[in-house]
Amino acid sequence: MGRVLAKVIATMSELLLQTMINAVYAASYMSLIAVGLVLIFGVMGVINFAHGELYMAGAYTVVGLYSFMALPFFAAVVAGMVFVGILGLLMEYALFRPLRDNPLGGLIASIGFLLILQTAAVLGFGVRMAHIKPPTQAKFHLMEGVVLTEQRLYVIMAAVGLLSALYVFLRKTKIGWAMRACAQDKEAAALQGISLNQISRIAMFIGAALAGVAGALTAPLVSPTPYMGHSVIVTAFIIIIVGGIGQLEGAVIAAILYAFVHTFVTTFYNGVLADIVGLVLMLLVLILKPTGLFGAKERA
Amino acid sequence: MYRKKLDHKISRRKFLATTTTTGAVLAVGASGFSNITHAADKTVKIGFLAPLTGPVSAWGKPGLDGCQIWAEHVNAAGGVKVGDDNYKIEFVAYDNEYDPGKARTGAAKLIKEDDVKFIMMLGGDTWPGVQPLAEKEGMLVSTLLPSDLTPDTKTLIAPCEVHPIYNVTGVEWLAENQPDAKRVVICAQDDALGTPSVATYLAAFEAAGMELVEEPLFFDPATTDFAPVMTKLLASKPDVLCLDTCYADYVHPLCEQAFQQDFKGTIISCTADFYPKIIDKTSKEFMEGFIFQFPDFDDPALNDERVNFANPNEFYAEYAQRYGAAEWSAVSWEYASIMDIWSDAAAAAGSVEPADVLKAMKASGLVKHAFGDAGWWGEELFGIDNAVVGNWPVVVIEDGKAVIKEYRSIPDWWAKHKDLMIKHFTALGQMWNQRA
Amino acid sequence: MPNRKTNLSSWALGTALVAGLIVLPHLLSFSQREIAVLLIINVLLVASYRLMTLTGEWSLGHVVIMGVGAYASALFSKSLGVPVPLSMLLGAGTAAGLAAILSFPLFRMKGFYFLIGSFAAGEVIRLIWKYFTNPFGGAKGLKLIPSFPDINLGFADISFFEPENYYYLCLVVVGLSLFILYRIEASRIGLTFHAIHWQDKLAEAVSVDTFRYRTLAFVLASFFAGLSGTLYAHYIGTVNPTRFDVEEMVYVLIWAIVGGTATFCGPILGVVVLTIINEIILRALGLDTVRPMIYGGILIASVLFLPDGLESLGPKLKRLFAGKRPSGQLEETT
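Protein chains in written order, with my numbering: chain A, 1 to 300; chain B, 1001 to 1436; chain C, 2001 to 2334.
Note that these hints are calculated values from the structure, not bench results.
Remember, predicted model here, so these are calculated numbers, not experimental data.
Careful: at least some of the hints might be erroneous.
[As the list claims (entries may be wrong)] Straight-line Cα separation of at most 25 Å, DSS-like style, residue types lysine-lysine; simulated pairs:
hint: 1; chain 1: A; residue 1: Lys289; chain 2: C; residue 2: Lys2110
hint: 2; chain 1: B; residue 1: Lys1112; chain 2: B; residue 2: Lys1042
hint: 3; chain 1: A; residue 1: Lys7; chain 2: B; residue 2: Lys1264
[To be verified] Computed list of chain A residues with no C-beta within reach of chain B, every gap over 12 Å:
hint: 4; residue: Tyr93
hint: 5; residue: Val122
hint: 6; residue: Lys139
hint: 7; residue: Leu148
hint: 8; residue: Val168
hint: 9; residue: Glu187
hint: 10; residue: Leu196
hint: 11; residue: Ile256
hint: 12; residue: Tyr269
hint: 13; residue: Thr291
Every residue, glycine too, gets a C-beta built ideally from N, C-alpha and C.
Next comes chain A alone, as it looks inside the complex (with noise of 0.2 Å):
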């Protein structure tokens, strides 16, 4: 009987400690994705719809550098990084700035730019799903039953590390502290001196490219479709609405705050109430708090 009960008590922590590093791993990718949209939208004032696109364009540069022309997984990251912010830098060149006093003209032309990236990976790569054998197998037991691959250990650290870089870089710089200047007040900044151009363009770059690389990082986890960005875009409004539309810790705060519900009610109960419990979260926060739950007081 002891026997037994021992028996269930393992499993159950087994289980319970396995559905948490899933958590980590799920709060990890979505922080990078959000954290990318809030600083786009604090700076700008537009909100990317094309955000997951951006996403699914980092993956389709792993899948075309890594799995075609069989560059080391590494190097395929880091353009992928490199090449999605430069689509950020597009996007603040031809769309975001002549529409800076039009955000909502801003919104609609993001809409464009996301059909057009869809359509350019189905013309490139097909409507079905890539493949991606994956760079690497390891896996570490933690303990009798619980699992960590290493590849979902690249997504925790790289979003740990850069996210860590971002908040120093904004704390600690000079031009962080302009970007901080610009989300709070735009006009009282461009008083100050500082370049509204220039500041956009960074954090476009910052922001496209933390899409890019988790887009970049998890696509051997996720099989890229052409059509991957619109689950992933859902999920970050989730998240940027409950931790407050313009604010950088909100969001990833929420992120962790949502994958570790929506994680846990899949496990526990099943994925769709899990993705209900969700959007009755977002609802919640809406109607009780606007702002968010970190947000400041609204905006008019």
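Position chains B and C relative to chain A; hints supplied.
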């Protein structure tokens, strides 16, 4: 762009390697051409109304490609002999984008303007948009999804794939060959394909004396991270992991997760499209013994005398040469095999008119289905005998290659266990009178 | 005050337009008539969307609201046996009623918050359709929805299954709805909507209850969006959650933006021109796979180079031909 280049290279290499077969095909083509000049040739148009763009296009486009190969072969051999005439086959495609409204417009165009005599559809969401028009015009339509069938759909047939009923053959084979594998878990995406399939597997497991150790797990089609799903499935330490009729987009990551989370048992699934890529992502040892239902058409077992699909190995070679072997999937041959059944019926009827062809199809009672002679069936589940069942292959991955182990009879299983199937279909609300 | 001459010419133009719309089906092929029916339904959808945008709020839930009308009317007629014309009004009413309820949480937000809030609300409604199989039919949705009843005139049976006849029915319903929408905009209420858009603080200062007017615009727009949904449901005979997803909403946004939202005709112009390009020209050219890319390109080009939409082309061309400088600029500089 990269893939196109790559495919091009492959097809070039294949082309050089298989010049002999190509020569043979060309010779057939040439003799066919000489026939055209003196035979009284007529053309019959066949509609292809399926998603050709967008996320669902993977269920339509490869089928159209397969049909083009089929039409070239048939036309080169002189066409279909109907009465005193030889008919060439011409496919007219309309992209319905998996939208019922566009499907209706497409059906109107195909029927009223292109004067097609038969329409092949994927079915599903798009069928209800076409149904009233097809009924009114008496147009013969085929679907890949028998869950579209109801007693009212008199001109709709499911002549190729009676999804998901054939899944029982895989489970039966598993039970006979691994009598110790008793504890099963199952997961599926929560949609029109997943649910009836779960009902079928539950019936098959119960019939085989296997025990479901966890409620069926349904996940949202938008799921991207399958780690939590797999963690939950493996928590009860099953012997058998059933992936239901998950799309390739889910089968791949699910297998990968099962591999990473150290699953050691047997996997059974409806499909394993692009399985060599799953092996890449896991290992040959892990995928050894994976059971599913869709053979590669280069399998020598398809030359079994019971099989009615004409020249399956050549068809596969041609397909692989044009589009790349990696593009081969279940739907590549299915629409073409429906055309085989249609041409048999048109020849027997001596007419290409939809009503005559349908009558001829049903009259003989025996259909030359791709995997062997089969009969009309479906009354008890779909309310109408418009689906074709007969044999279905059980396919197992051995040493990295899909191998047909056996053809099994679906009607035999049904005769023994139909009450179980009806019980589980009813429990999940999948009987025709529950989904009106 | 418009002078008599322009009044006359606009009457002539209007009559010609109506006459053109009446003969149109006879100039089209059968499948083009099917497209015309769907197009005219979308005209109502996009015109109702414009009413919503008058107050300055852009919703991403409008297509879901259309779906609410479609689902409600389908269920009223199919499950409860309500006659179809009546169920259509009830369906549109349901959409309006739901909008009234949704306005309480949604109009606590403005701008982007509203945009995303409306998106969230729409997604929740779609999830409800998906997961409550009874009565909404789950992911497969509803099918075999009763069609609009045939009319027997004694000498002829008018079957609304025929696209030509349904086209005329839609023409009447949509024409009437457009007339009402137009009158609302021209009325005091419409002026108040405009005022809220441009000067909401000022409007509040002169004791306009902005919340009430925003809600009113939302409810009215939702009624007509729901009505367009009912026209769709009883023609196609099936509805499912995917039909009303955010991708469809993106197309409505594109129609409105490309057409321009400053005038009543802008969005209508947008949907007509883009549908002809998409369904007839691009299909005929066989450009199926690149259609979304062309759409995306058109969208970006129109936001960048034609920010006031297609509707602004007319006056521009007119001025070009008249050889005058744009009058607006002159007034501004002086």
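Let me make sure I understand: some of the numbered hints might not hold for this structure. Which ones are they, in numerical order? Result: hints 5, 6, 7, 12 break, sorted rising.
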